[in-house]
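Novice: Listed below, chain by chain, are the residues.
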Amino acid sequence: MNDPRFSLNSSPKHFNKGLLVGLFMRERIIEVGLAIAAGIPVLISLAILGVFLYEATFFFQEVSPWQFLTDTQWTPLFASQKFGIFVLTSATFSIAAIATFVAVPIGLLAAIYLAEYAPQQVRRILKPALETLSGIPTIVYGYFAVLLVTPLLQQFIPNLGGFNALSAGLVTGILITPIVSSISEDAIENVPMELREGGYSLGFTKRENILRVILPIAFPGIVAAITLATSRALGETMIASIAAGQNPNLTLNPLVPVESITAFIIQVSLGDVPANSFLFHTLFTVGFVLFLLTFSLNWLGHWLVRRHEQMMKGLSIPSIEVESDSSRESSRAIASLNFPLDTHLSFEKALTRRQRYDRLFLSLTLCTTLVGAIVLVILLTSVLLQGIPVLDGSFLTSFASRNAEDAGIYAALVGTLWLLVLTAAIAFPIGVGAAIYLEEYLPRNTFNHILEIHLANLAAVPSIIYGLLGLALFARVLQPITGGRSLLSAALVLSSIVLPLVIITTRGALRSVPQSQRQAAFGVGMTQWQAIHNVILPSAFPRIITGMLLALSRAIGETAPLIAVGAVAYISFVPEFSLGDLQSNFTTLTTQIFYWIARPQKEFHNLAAATILVLGAIVFTINIFAVLLRDFYRKKKGELANNKP
Amino acid sequence: MNNQQAITMNNPVFTSKSEQESSEILPEVILQAEDVSVSYHGIPALQNISLEIYKNQITSFIGPSGCGKSTFLRCFNRLNDLIPETRMTGKIRFFGQSIRRMNPVEIRRRIGMVFQRPNPFPKSIYDNIAVGLRVNGYRGNLDDRVETSLRHVGLWNEVKNKLKKNALDLSGGQQQRLCIARTIALNPEVILMDEPTAALDPISAGRINDLLMTMRQYYTIILITHNLKQAALVTDRVAFFNVEINSRGDRVGKLIEYAPTLDIFVNPTQQTTWDYVVPGSRYSS
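Chain order of the listed sequences is A and B. The numbers in the first sequence follow my numbering, run straight up by one, and end at 645. The numbers in the second sequence follow my numbering, run straight up by one, and end at 1285.
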């Protein structure tokens, strides 16, 4: 032991025991803090459930469930009130049905093209182009639907109303196409390579392999994609309320104006609804119906996705053979057979025809994928053409005005930036803390799995539901703190919306840190938090940042919840950093677009287009930043991997 | 008496095999590789392989991991075409015709393949066999063909009452025999087998070996194996591959020796072959 080569002093006095006790105290405190953060999304779900049930109870004291389900009219704003929910759901469903009808074939064929056919370079351009479609703020789609698609459709269908379910449905379809395509693509890519090769080695053409082998295996994943996309279409608010109209009609005719659940909520939110009025209860009851519809669809979808992933993992793990009488018997039977099989096989010599089908199929999938890119280009050019002339320095620095020439977006721009900062400040610490707790502390049990699915569902709950929650909770119950329909309430609403997203992406980032790094950290005697703080977080950091930026770009595009929580059309001051100003009224770029589209004059539509450009520039900057960070990180990681011998 | 002995004794060709080889009257050449090299992302994986595959023989490829046996095998049915950035040079002739000029889909029907891990489709047992027949436009009676194929791999008695059950419910060995049945149902002229028993337990592997022994005189099979016993037991010819490190430091697969099985195991001409096939030989001297 006296060998000088091993002279590292191993005496225990170098390690302070008192430090250890303090360390454990700190560990406990941190863990409790993280657990509280993890409890917040659960609290939010309970709050949603509580608020909506509470309000619905009042509603059903006056209206019997029977009336609610059987009435054929919806007139809560008239003197003779009728509450037939099917009037609203029929509109919601017909818009969602049209959207699904558009999105499923396009999304599925695009997924097939991207997963199976697209060369790397093409994929690198087309996939982001397609996915950008779902990142565009829905208010922009509303603009697109009412000012571009409806006039276009009217040229072919003369008796089409200015507001109709058809155009809202078509545009919603474009919005949800990327959801179908990206989840289906994942499902297709999860099909193990061995099974593809199995198909090819039997002499299948590519199309035959896709249709006979790959798609049937990926089917549950594709169903999940459709379910989740449909749920998104059901909850889509801005497109429906701008383009489909506000006429409660019990009809499935897509050519006339209708009113969806979400459009009704927006319609009522635009006026000032006194709390505890009957209309207020109605608002929440309707919202609750929407919540139940989308929530159950989301559960189904996420359950299917998980089941499919597990099925794919379990595939082709051979189990051990059990010798039985019948197996020995059939083995003996081989010897007495005449080998080989009958060789006079008649295979149809139709390879040329089979391959012609293959080429047709390829062009079909390619063309549908291009549709996405083309739509993006049309949308961009039309907005650019309308917006560019208005866009100048004074547009950015003037307040909104009745006069189109003088109007600008100063207040809206500042409001949006304020909301971004506040949302980041509220949602990021809570989200990251919750993710750390769920991923690193909470054991991987059934409860954790259920929580994981639940978070995915919360992320997919229509944002208007959060808006209503904010109206009841942040703007009324917490009025002393938030100041009612204020910037702070809006920031809380946006934080609730992006919180599940932040948690999900952070969990993904933490999960991507290899288990071996954790073991190495524990191996040198780190505590749980030390390991997280010194090893895991630094390694997961770039992906966490990427997730945060994507969450912010989602927050910036929200319109409906802000209208519900009380964004106003006109503001003549810019909030500064003081409690009083944070408690003041607010407006944002998206709500400004909404109010301008609602004006009949074309000048205001141009202002809306210019605002869309500004909004787009901000979202684009955030996204580019996210992509650059991710690529930088991948490159770094790739270099590390290559350095391994 | 076990199955293997029973089969070999009932098999008249087996006993005359050694005479045939000694007189070197070689059977018809089915596949011919000429100076085949494959590179992956511009890095050579194997280089300058030339060999001939004879009709109704089992030829095995042996060699250490990473020597390019699988890559080479997958050249014969052009399965490497599906992997981006993979380039093959040289020529492979199938009945004298260059496979590059032929349609890959047609080649893959005529040159079947069985993989290391059993990969039945997650469909019914029946459909696993029927789907290949349907796609390739088989005009005969499907039921009969499915039954015959299953009988020929010794699976019929085990599965005849559950043809509509999912193939994934079968054991690994049964799945692999189903994959062989699926392949022979299409009446391939050559069957490529990439370590077909490596992922299986010894009993299942033994049964596949039995099956190979029965098939050997009727099928042209190329078999990759790490199991020297299997190579010695069931094959007619052996090609030994090894890894060489070229001047740029790439690990490149090379064909070292190609000869009748007996010669490889008893009388190899190359030292590296000797080192590989005789366990412990490299430590003895």
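For the record, the hints were derived by calculation from the structure and aren't laboratory data. Hints are supplied without guarantee of correctness; some may be wrong.
What the hints assert, rightly or not - For the chain B half of the interface with chain A, some residues (derived, Cβ under 7 angstroms), not all of them:
1) G1096
2) R1100
3) R1101
4) M1102
5) E1106
6) R1109
7) F1115
8) G1132
9) I1245
10) G1249
Computed from a prediction, not measured in an experiment: that's the story for all the values here. In this text, a Cβ means the ideal position worked out from N, Cα and C, and glycines have one as well.
Novice: Hint numbers the structure violates, sorted upward?
Specialist: 1, 2, 3, 4, 9, 10
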